[in-house]
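Enquirer: In the order they appear, the protein sequences are chains H and Z. Numbering-wise, numbering that gives the first Met the number 0 puts 108 at position 109 of the first sequence, and it's gapless, one number per residue. Numbering-wise, numbering that gives the first Met the number 0 puts 83 at position 84 of the second sequence, and it's gapless, one number per residue.
The reader is advised that the hints may include incorrect statements.
In silico SDA-like cross-links for lysine to any residue, where the CA-CA straight-line distance does not exceed 25 Å [claimed, not checked]:
(1) K65(H) <-> K132(H)
(2) K61(H) <-> Y13(Z)
(3) K226(Z) <-> Y153(H)
(4) K182(H) <-> G16(Z)
(5) K65(H) <-> T4(Z)
(6) K182(H) <-> Q40(Z)
(7) K182(H) <-> G166(H)
(8) K65(H) <-> L66(Z)
(9) K65(H) <-> K216(Z)
(10) K61(H) <-> G132(Z)
(11) K65(H) <-> V167(H)
(12) K226(Z) <-> N170(H)
(13) K65(H) <-> L5(Z)
(14) K61(H) <-> H201(Z)
(15) K182(H) <-> R33(Z)
(16) K182(H) <-> A60(Z)
(17) K61(H) <-> L5(Z)
(18) K240(Z) <-> V129(Z)
(19) K182(H) <-> N170(H)
(20) K132(H) <-> A186(H)
(21) K182(H) <-> T4(Z)
(22) K240(Z) <-> P153(Z)
(23) K65(H) <-> D86(H)
(24) K61(H) <-> A60(Z)
(25) K132(H) <-> E53(Z)
(26) K182(H) <-> L5(Z)
(27) K240(Z) <-> Q61(Z)
(28) K240(Z) <-> N147(Z)
(29) K216(Z) <-> A200(Z)
(30) K65(H) <-> E53(Z)
(31) K132(H) <-> N44(Z)
(32) K65(H) <-> Q46(H)
(33) K182(H) <-> V45(Z)
(34) K61(H) <-> E198(Z)
(35) K65(H) <-> A22(H)
(36) K132(H) <-> R36(H)
(37) K132(H) <-> G166(H)
(38) K240(Z) <-> E198(Z)
Just so you know, these hints were derived from the structure itself, not from any lab.
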Amino acid sequence: MGSLMELSDTMAVAQARAGDPGAFRVLVERHSRNLFRLAYRMTGHQQDAEDVVQETFLRAYKQLSKFDERASFGTWLYRIASNYSLDLIRARRRRSEHYEPATEEGVPDPIQVVPDTAPTPDRLAASSEVERKVAAVLDELSEMERTAFVLRHYEGMCIDEIGRTLGVQPNAAKHSIFRAVQKLRHALEPLMSSAS
Amino acid sequence: MNHLTLEQFVLYYYGEGDGSPGVREHLDNCEACRAEYAGLQRVLNVVDGAPVPERAADYGAQVWHRLHPQLGARRRWTWPLLWPVRHWAASAAIAVLMVAAFLAGRYYPSARSGAQLASAGQVRERILLVAVGDHLERSQTVLLEVVNAHPGEPLDVAWERARAGDLVAENRLFRQTAVRTGDTRVASVLDELEPVLLEIAHGPDTLTPEEVESLRKRIEGDGILFKVRVAGSAVRHREEKTARSVVQGTS
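With these hints in hand, go ahead and build the complete structure from the sequences.
Expert: Quick look at the structure:
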């Protein structure tokens, strides 16, 4: 396993395509944490982020033959994860339009697993007032604003790359980032002035 | 003098655009814009600190552990004439064994002590719960593929279709067991899930946009995906509770 872990992504992809599951395992182990971080930033929810990580690798495996070896495998995974996160957010919004919460006796309310716009218990426990506010504002952003902002701010992607990842013109990606920053600033600046 | 716009600040902050030298020069000479930019920097620096739950050092290995069985199923799909029968037979055999073990333990207890019986029963229950939880999770993945399809585009469901065929067989076994053991909640969810799995299993490899929309409406209209997810959470919770009881009982 030691020598496998030293494989470059390109080599690992080539070996995985040739049917070596150990090579795909290397890719999974190498990229899982980064993908989780991206997915959590995008969906704002642990369970959804876990689903995104799982589904991203399933889709990557299924489409491995379509991967262009000249591209970065990590960026390709990010693209799949971003698009699936967007799908999940859209589906979540559709679900929340359709269903009312229900509870089961003796079982923690599974609705708590389904994300909503309120701060989650994880955040409440771990965050300061400003951090909670950041999470709340991120939740209020549109899908495109949130995704574009996460990819630019946290993942350091350039605007052109974000446009390609999301399948939109760079200008649209840029304006989504502007709007996201504007909303964050509007919500956070008063808090920061009162804290200073 | 014209002040800088938010757009210029944002592009400058992220090192984007080609106006950086001009913006830098302006900031050097304009106190108002400098203060404005400092405010924006403070906000964006605070956003940097938004927490992300920590994953364990072996998180990648955990993901692989969950992923690996599913990749195996996809790989076997490369022998389309052989694997469905083989895979169905294997899945069905495992499900039958689990159900049989569960029922045997439930209805034909041996002469062991009460504590041993309770513990063995709990182990069997846990095995069944793990299997049902896994079944619900895999069903959820199939349904999600349809629900999350891009509207207006055809959808390749060849892999999901093959998987739905396996799930139908398992679904029947688990539903019958749930009915026998009086687990009406799980039985009801499995009952609603079966026709949808059948529709996918008996459909074409590629769905037209209209077929995708019709299936999506059915899944969402009946709340099936949501019910599967809720039932999955409940089953996982029961399984964890049973596992704790087993550990306490044996210690």
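Enquirer: Starting from the hint list further up, note which numbers the structure goes against and sort them upward.
Expert: 1, 2, 3, 5, 9, 12, 13, 16, 17, 22, 28, 30, 32, 37 and 38
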